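Asks: Here is how the chains run, residue by residue.
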Amino acid sequence: MYGKGRIIPALILFLGLMTAPMWFKSGDVSKLPKPEKPKDYTECVAPTQFMRTAHMQLLNEWRDDILREGGSRTGKTANGTEYVRSLQNGCMKCHSDKKKFCDDCHNYASVKPYCWDCHLQPKEAM
Amino acid sequence: MRILSPFIAVLALIAVALVAAQVPGGQALMGIILPYLAFALFLGGVVYRVVQWAKSPVPFRIPTTCGQANSLPWIKQNKIDCPSTKLGVIARMILEVALFRSLFRNTKAEMYEGPKLVYGSSKFLWLFALLFHYSFLVIVLRHMRLFMDPVPGFVAALEFGDGFLQIGSPVFYQTDALFLGAIAFLFLRRIFLANIRYISLPADYFPLLLIFGIALTGILMRTVFRVDVVAIKQLTHGLATFSPAIAGQIGSIFFIHIFLVCTLLIYFPYSKLMHMAGVFMSPTRNMINNSRMVRHINPWNDPNIKPHSYAAYEDEFREFMKESGIPVEKE
Chain A
923 MYGKGRIIPA
933 LILFLGLMTA
943 PMWFKSGDVS
953 KLPKPEKPKD
963 YTECVAPTQF
973 MRTAHMQLLN
983 EWRDDILREG
993 GSRTGKTANG
1003 TEYVRSLQNG
1013 CMKCHSDKKK
1023 FCDDCHNYAS
1033 VKPYCWDCHL
1043 QPKEAM
Chain B
3 MRILSPFIAV
13 LALIAVALVA
23 AQVPGGQALM
33 GIILPYLAFA
43 LFLGGVVYRV
53 VQWAKSPVPF
63 RIPTTCGQAN
73 SLPWIKQNKI
83 DCPSTKLGVI
93 ARMILEVALF
103 RSLFRNTKAE
113 MYEGPKLVYG
123 SSKFLWLFAL
133 LFHYSFLVIV
143 LRHMRLFMDP
153 VPGFVAALEF
163 GDGFLQIGSP
173 VFYQTDALFL
183 GAIAFLFLRR
193 IFLANIRYIS
203 LPADYFPLLL
213 IFGIALTGIL
223 MRTVFRVDVV
233 AIKQLTHGLA
243 TFSPAIAGQI
253 GSIFFIHIFL
263 VCTLLIYFPY
273 SKLMHMAGVF
283 MSPTRNMINN
293 SRMVRHINPW
303 NDPNIKPHSY
313 AAYEDEFREF
323 MKESGIPVEK
333 E
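Here the protein sequences line up with chains A and B, keeping their order. Note that our numbering has the first sequence beginning at 923, numbered continuously upward. Note that our numbering has the second sequence beginning at 3, numbered continuously upward.
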């Protein structure tokens, strides 16, 4: 092998960079987010799996519908329960603790939603 | 047709992933076993190829000279395009690796009435290649949020900058659009330019289509077929810490995405994609053009064979040469 002095360190650097998540502060796997569910309410506006994957799209739809298209503020769940289509007055009514509900997963997945650029953050989280 | 077989191959890969995601045990196979296998093959393959290259001797100075070589003192040397020092080579390599300098020199030849051949500068390949590679880098680095916990600051900063326009929720990343656009350009140029189409092989189309498939499934996963990111991070973070587990419901689109990525990783070391390491190893770029200053001796020359100059040759055979009537320099 020629140029060992340069090639071997370069290969070690390559392997080190590629495996970085395996050795660099990869953290504890068992430390999973556990968003706190509201105690007084059992039903959400949509099924859990949908809310888990697509709540941000739902919020976006609400915003576009209500603020831009003049849509209704009230919605109905599949069971017929009425709810307010609003982040602060709807979602946060049941999921009142932003830190324990929103931030738990968002921090885990490194997501910084821009909801709070406009909306006031709930007091206990400030 | 040379474009049809790679296209069918990519479609077949997607179909395999789609079916395997439904079969019991298929998710563990594609989500846990295959990524480890692919990653090991990728790392091992790259190291193997580099070592094989390093074993090949390069006995001659063969740098491409793209400018004036070091010559007489009043002739200005092009120190980067024809480097005669180590520093010049380092500058040349950095510019080549980071800014694709050789593509910047890309030209096109066109035939006009006459017939008249006209050469012109063509910077689009350079521009889109640069966009493609840097977008890919940003996208790979952004994915580190799924493999590390806590997420490093620079990844969060990249995500913020990339989603700066705040289009939709979850925000659309600008690099995704740039990336798709750049792949589309690199692909369409192989179809619409007759001379490029002539030299394009399935091995040229396949990686482009495969990477396009990866990008598209990734974007669809983010915008249309939403998946549970927490369940995915649990799996991917588990992969990085050697304790993977598939929990919760993960959509089929994720398995298509990861299957295509694994295919890319496995395919990588055995294909043209090895230019990633090859660019550092190419003797036409990384050698100093000093063959007029330094004597380079072929490493495999037999030391028992001594240099034999013409003068010595003539001394040895003078009488025979004279007898045959061959002119000699010294009587």
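Hint data in this document are derived by calculation from the structure and do not stem from the laboratory. One should not assume that every hint holds.
What the hints assert, rightly or not - 27 Å max Cα-Cα, derived DSSO-like pairs, lysine-lysine:
id, chain 1, residue 1, chain 2, residue 2
1, B, K88, B, K78
2, A, K926, B, K57
3, A, K998, A, K961
4, B, K110, B, K332
5, B, K274, A, K926
6, B, K78, A, K926
Said to hold, decoys possible - Derived DEER-like restraints, expressed as beta-carbon distance ranges:
id, chain 1, residue 1, chain 2, residue 2, range
7, A, A932, B, I64, 36 to 44 Å
8, A, D1039, B, S58, 17 to 25 Å
9, B, L101, A, Q971, 23 to 31 Å
10, B, L101, A, P931, 17 to 25 Å
11, B, I16, A, Q971, 37 to 45 Å
12, B, L167, A, D1025, 17 to 25 Å
13, A, G927, B, M295, 51 to 59 Å
14, B, A158, A, S994, 30 to 38 Å
15, A, L935, B, S254, 35 to 43 Å
If you're wondering where the values come from, they're calculated on a predicted model, not measured in any experiment. A virtual CB, placed ideally from N, CA and C, is assigned to each residue, including glycine.
Asks: Now tell me, hint by hint, if it's right for this structure.
Replies: Hints, verified against the model:
1. For the proposed pair K88 of chain B and K78 of chain B, the alpha carbon gap of about 18 Å is at most 27 Å, so the pair holds.
2. About 10 Å separates the Cα atoms of K926 of chain A and K57 of chain B, which keeps this hinted pair within 27 Å; it holds.
3. Taken as a hint, the K998 of chain A and K961 of chain A pair is honoured in the structure, with Cα atoms around 21 Å apart against an allowance of 27 Å.
4. Restraint check for K110 of chain B and K332 of chain B: not satisfied, since their Cα atoms lie roughly 56 Å apart, outside the 27 Å limit.
5. For the proposed pair K274 of chain B and K926 of chain A, the alpha carbon gap of about 24 Å is at most 27 Å, so the pair holds.
6. About 35 Å separates the Cα atoms of K78 of chain B and K926 of chain A, which puts this hinted pair outside 27 Å; it is violated.
7. Checked against the hint of 36 to 44 Å, the pair A932 of chain A and I64 of chain B fails, with Cβ atoms roughly 21 Å apart.
8. Taken as a hint, the range 17 to 25 Å is violated for the pair D1039 of chain A and S58 of chain B, whose Cβ atoms sit roughly 57 Å apart.
9. A C-beta distance of roughly 47 Å is found between L101 of chain B and Q971 of chain A, which places it outside the suggested range of 23 to 31 Å.
10. The hinted window of 17 to 25 Å between L101 of chain B and P931 of chain A holds, with their beta carbons roughly 24 Å apart.
11. Range check, I16 of chain B to Q971 of chain A: about 24 Å between beta-carbon atoms, so the 37 to 45 Å window is missed.
12. Between L167 of chain B and D1025 of chain A, the C-beta spacing of about 24 Å keeps the proposed range 17 to 25 Å intact.
13. Checking the proposed 51 to 59 Å range against G927 of chain A and M295 of chain B shows it is violated: the Cβ atoms sit about 22 Å from each other.
14. For A158 of chain B paired with S994 of chain A, a C-beta distance near 37 Å keeps the hint of 30 to 38 Å intact.
15. Remark: the range hint 35 to 43 Å for L935 of chain A to S254 of chain B is upheld by a beta-carbon distance near 37 Å.
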